[in-house]
Amino acid sequence: MARRLLIVDDEETLTFSLYQSFIISKKDYEVATAASGEEALSRMAEKPYDLIITDIFMPGISGLDLLKVVKEKYPSTEVMVMTAYGSNDKKDEAEELGACYYVEKPFEMKVLRQKVFDLLG
Amino acid sequence: MSKYLEEQKENIQRVNQLVTDLSKAGEVREQLAHYKEKYNRLIKKYEELDSVFQFHKRIVQNISSGIITTDQKGDITFLNKSALELLGYESREVLGKPIHTLFAEPQKVKEIFQQIFEQHKMFESQEINLKSSGDEIVPIGFSTTLFEFANGQQGVVFIFRDIREQINFRRQMSRMDRLATLGELAAGLAHEIRNPLGGIKTSSEVLLETFSPGDFRAQLVSRVVKEIDRSNALLQRFFNFAKPSRPKPAFHSLPNIVDGVFLLLRSRMLKRKVSYKTEFGSDSTNIYIDESQFEQVILNLLLNAMDAMPEGGHIELVSSYEPHTLATAGQKEPGAILIRVKDDGAGIPPEKIENIFLPFYTTKSDGVGLGLSICIRLLDENAGRLEVESELGRGTVFTIYLPYINQTQQES
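Read top to bottom, the protein sequences are chains A and B.
Residue 98 in the numbering used here sits at position 97 of the first sequence; the count goes up by one each step and never skips.
Residue 70 in the numbering used here sits at position 81 of the second sequence; the count goes up by one each step and never skips.
Looking at chain A on its own, in the form it has when it is part of the complex (with noise of 0.2 Å):
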């Protein structure tokens, strides 16, 4: 069964981009995206998935508070936290709340990518 990723900001080129960047790899991944908390939470309503990639800064619920309801509802799915914020106070949060990776803009898709690989096979 495929593999279900859900990439939630409200930066459309970042979404996108990402997107496409595990489309052309090829992998047997079914890849959703989100422009909000909000959104990602309606979606994972809906089925279930494997891995929430999230911003922090968003409008509505941040990605900080995206990651603790996930954690709560949902422990098998695992969260990658990306941001614009260069600060590692978030860091420390975000690893505090369970996320499993943690990664600044602008970051090296390949290497991103190379983690959700690990991950999700």
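Keep in mind that the hints are not guaranteed to be accurate.
[Unchecked claim] Partial chain B-side listing against chain A, Cβ under 7 Å, derived:
{"hint": "1", "residue": "T170"}
{"hint": "2", "residue": "H180"}
{"hint": "3", "residue": "R183"}
{"hint": "4", "residue": "N221"}
[Unchecked claim] Computed cross-link-like contacts, DSSO-like style, restricted to lysine-lysine with a CA-CA straight-line distance of at most 30 Å:
{"hint": "5", "chain 1": "B", "residue 1": "K215", "chain 2": "A", "residue 2": "K111"}
{"hint": "6", "chain 1": "A", "residue 1": "K48", "chain 2": "A", "residue 2": "K116"}
{"hint": "7", "chain 1": "A", "residue 1": "K27", "chain 2": "A", "residue 2": "K111"}
{"hint": "8", "chain 1": "B", "residue 1": "K331", "chain 2": "B", "residue 2": "K237"}
{"hint": "9", "chain 1": "B", "residue 1": "K46", "chain 2": "B", "residue 2": "K120"}
{"hint": "10", "chain 1": "B", "residue 1": "K262", "chain 2": "B", "residue 2": "K321"}
{"hint": "11", "chain 1": "A", "residue 1": "K69", "chain 2": "A", "residue 2": "K91"}
{"hint": "12", "chain 1": "A", "residue 1": "K92", "chain 2": "B", "residue 2": "K46"}
{"hint": "13", "chain 1": "A", "residue 1": "K28", "chain 2": "B", "residue 2": "K215"}
{"hint": "14", "chain 1": "B", "residue 1": "K62", "chain 2": "B", "residue 2": "K46"}
{"hint": "15", "chain 1": "A", "residue 1": "K48", "chain 2": "A", "residue 2": "K91"}
{"hint": "16", "chain 1": "A", "residue 1": "K91", "chain 2": "B", "residue 2": "K262"}
{"hint": "17", "chain 1": "A", "residue 1": "K116", "chain 2": "A", "residue 2": "K27"}
{"hint": "18", "chain 1": "A", "residue 1": "K92", "chain 2": "A", "residue 2": "K111"}
{"hint": "19", "chain 1": "B", "residue 1": "K86", "chain 2": "B", "residue 2": "K70"}
{"hint": "20", "chain 1": "B", "residue 1": "K260", "chain 2": "B", "residue 2": "K237"}
{"hint": "21", "chain 1": "B", "residue 1": "K46", "chain 2": "B", "residue 2": "K27"}
{"hint": "22", "chain 1": "B", "residue 1": "K97", "chain 2": "B", "residue 2": "K341"}
{"hint": "23", "chain 1": "B", "residue 1": "K321", "chain 2": "B", "residue 2": "K237"}
{"hint": "24", "chain 1": "A", "residue 1": "K116", "chain 2": "B", "residue 2": "K215"}
{"hint": "25", "chain 1": "A", "residue 1": "K91", "chain 2": "B", "residue 2": "K237"}
{"hint": "26", "chain 1": "B", "residue 1": "K70", "chain 2": "B", "residue 2": "K110"}
{"hint": "27", "chain 1": "B", "residue 1": "K(-8)", "chain 2": "B", "residue 2": "K46"}
{"hint": "28", "chain 1": "B", "residue 1": "K120", "chain 2": "B", "residue 2": "K97"}
{"hint": "29", "chain 1": "B", "residue 1": "K46", "chain 2": "B", "residue 2": "K34"}
{"hint": "30", "chain 1": "A", "residue 1": "K116", "chain 2": "B", "residue 2": "K237"}
{"hint": "31", "chain 1": "B", "residue 1": "K237", "chain 2": "A", "residue 2": "K72"}
{"hint": "32", "chain 1": "B", "residue 1": "K(-8)", "chain 2": "B", "residue 2": "K33"}
{"hint": "33", "chain 1": "A", "residue 1": "K69", "chain 2": "B", "residue 2": "K237"}
{"hint": "34", "chain 1": "B", "residue 1": "K62", "chain 2": "B", "residue 2": "K(-8)"}
{"hint": "35", "chain 1": "A", "residue 1": "K27", "chain 2": "B", "residue 2": "K13"}
{"hint": "36", "chain 1": "B", "residue 1": "K237", "chain 2": "A", "residue 2": "K92"}
{"hint": "37", "chain 1": "B", "residue 1": "K110", "chain 2": "B", "residue 2": "K86"}
No lab work stands behind these hints: they were computed from the structure.
As the structure is a prediction and not an experimental result, all values here were calculated from the model.
Each residue gets a CB set at the ideal place from its N, CA and C atoms; glycine is no exception.
Starting from the known structure of chain A, fit chain B onto it as the hints suggest.
Leaving out everything else, chain B in the frame of chain A:
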């Protein structure tokens, strides 16, 4: 007062002698005991008064505030020890002189005294500059009291304190305020820019994968990625001073950190003909700081020192322990470790000295102007501060103040 008492004592002694002589004649024998008792009481009173007088004199002399009194013309009648020490004068050099001659702005002081005498105005917690015997300008905070002396004449008691330290702290605070404001602005801006950069970079990287490596389009896109990384590196530096990560302080050896940084710069220093010397005073080698943040501070100061000496020169890094100095205004118990980084370069003109702490201020063609801002920011995070002294043509000294923390006490 004391002289008056002395005279009274002598008078009493004379009376007593007289009484003793008379008693020999046997006429006032029965009054002798009475006089003796009176004499003893007076002597005791004298001693009590004298001890009160000495006590007050000691207080006035040894109080840490400077005290100067003047007569009704504003001429100096008395200076206590603190006043003389701060001014660098002997009492006899200034007694009888107009008080305004001790100040950097004599006219202002004349006006103050005019207001005191004519309008009976009192001055409370005002600031003004003294001029010491060595022509050094010393900022003071002062209060005045109009006084009526026993002889009915008026005079002024002028009480003051050296406020150089407070002024330094105040300056430090305003530097930090300025940095905080600009820092927040820069951080906000950097955040807004890094978001689109993230999108552009990922898009470019995806695009790059679709071209074969030799394709000129691949080369173009890889340049886009490289330029994004360059912009991001600049933004990263904004972040560093806008919002340094929370320090993780621990005890570290100052010599080890300093040696490490010098090692890093060794080849560059050789090339630039810069020599250096380090000297670590006792009790000043164990510092409680975030190691990598402190390395950054030392590195920035050494790089600045090297830049100040394009023709080569000498850098000295000297540490010392100052038990009575405060590293910052908020420090509870005094005790600071001072680390002085001295170069013998061009020096900084006095009118530019405050500018060097402004973020983005630079005189170097390849500089961003954030080095010192980062230093004061990081030191602030580590409960320290930075001071500068410079002499044009002679060189510049940056002094880092860190709180002295006793490791054994801390651990127990």
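We went through each hint and held it up to the structure:
{"no.": "1", "hint": "T170", "result": "violated, 18 Å"}
{"no.": "2", "hint": "H180", "result": "holds, 5 Å"}
{"no.": "3", "hint": "R183", "result": "holds, 4 Å"}
{"no.": "4", "hint": "N221", "result": "holds, 6 Å"}
{"no.": "5", "hint": "B:K215 / A:K111", "result": "holds, 15 Å"}
{"no.": "6", "hint": "A:K48 / A:K116", "result": "holds, 23 Å"}
{"no.": "7", "hint": "A:K27 / A:K111", "result": "holds, 14 Å"}
{"no.": "8", "hint": "B:K331 / B:K237", "result": "holds, 28 Å"}
{"no.": "9", "hint": "B:K46 / B:K120", "result": "holds, 26 Å"}
{"no.": "10", "hint": "B:K262 / B:K321", "result": "violated, 43 Å"}
{"no.": "11", "hint": "A:K69 / A:K91", "result": "holds, 14 Å"}
{"no.": "12", "hint": "A:K92 / B:K46", "result": "violated, 63 Å"}
{"no.": "13", "hint": "A:K28 / B:K215", "result": "holds, 27 Å"}
{"no.": "14", "hint": "B:K62 / B:K46", "result": "holds, 24 Å"}
{"no.": "15", "hint": "A:K48 / A:K91", "result": "holds, 29 Å"}
{"no.": "16", "hint": "A:K91 / B:K262", "result": "violated, 44 Å"}
{"no.": "17", "hint": "A:K116 / A:K27", "result": "holds, 16 Å"}
{"no.": "18", "hint": "A:K92 / A:K111", "result": "holds, 20 Å"}
{"no.": "19", "hint": "B:K86 / B:K70", "result": "holds, 17 Å"}
{"no.": "20", "hint": "B:K260 / B:K237", "result": "violated, 35 Å"}
{"no.": "21", "hint": "B:K46 / B:K27", "result": "holds, 28 Å"}
{"no.": "22", "hint": "B:K97 / B:K341", "result": "holds, 27 Å"}
{"no.": "23", "hint": "B:K321 / B:K237", "result": "holds, 21 Å"}
{"no.": "24", "hint": "A:K116 / B:K215", "result": "holds, 22 Å"}
{"no.": "25", "hint": "A:K91 / B:K237", "result": "holds, 15 Å"}
{"no.": "26", "hint": "B:K70 / B:K110", "result": "holds, 27 Å"}
{"no.": "27", "hint": "B:K(-8) / B:K46", "result": "holds, 14 Å"}
{"no.": "28", "hint": "B:K120 / B:K97", "result": "holds, 13 Å"}
{"no.": "29", "hint": "B:K46 / B:K34", "result": "holds, 18 Å"}
{"no.": "30", "hint": "A:K116 / B:K237", "result": "holds, 28 Å"}
{"no.": "31", "hint": "B:K237 / A:K72", "result": "holds, 29 Å"}
{"no.": "32", "hint": "B:K(-8) / B:K33", "result": "holds, 17 Å"}
{"no.": "33", "hint": "A:K69 / B:K237", "result": "holds, 26 Å"}
{"no.": "34", "hint": "B:K62 / B:K(-8)", "result": "holds, 25 Å"}
{"no.": "35", "hint": "A:K27 / B:K13", "result": "violated, 134 Å"}
{"no.": "36", "hint": "B:K237 / A:K92", "result": "holds, 15 Å"}
{"no.": "37", "hint": "B:K110 / B:K86", "result": "holds, 22 Å"}
In summary, the numbered hints that this structure violates are 1, 10, 12, 16, 20, 35.
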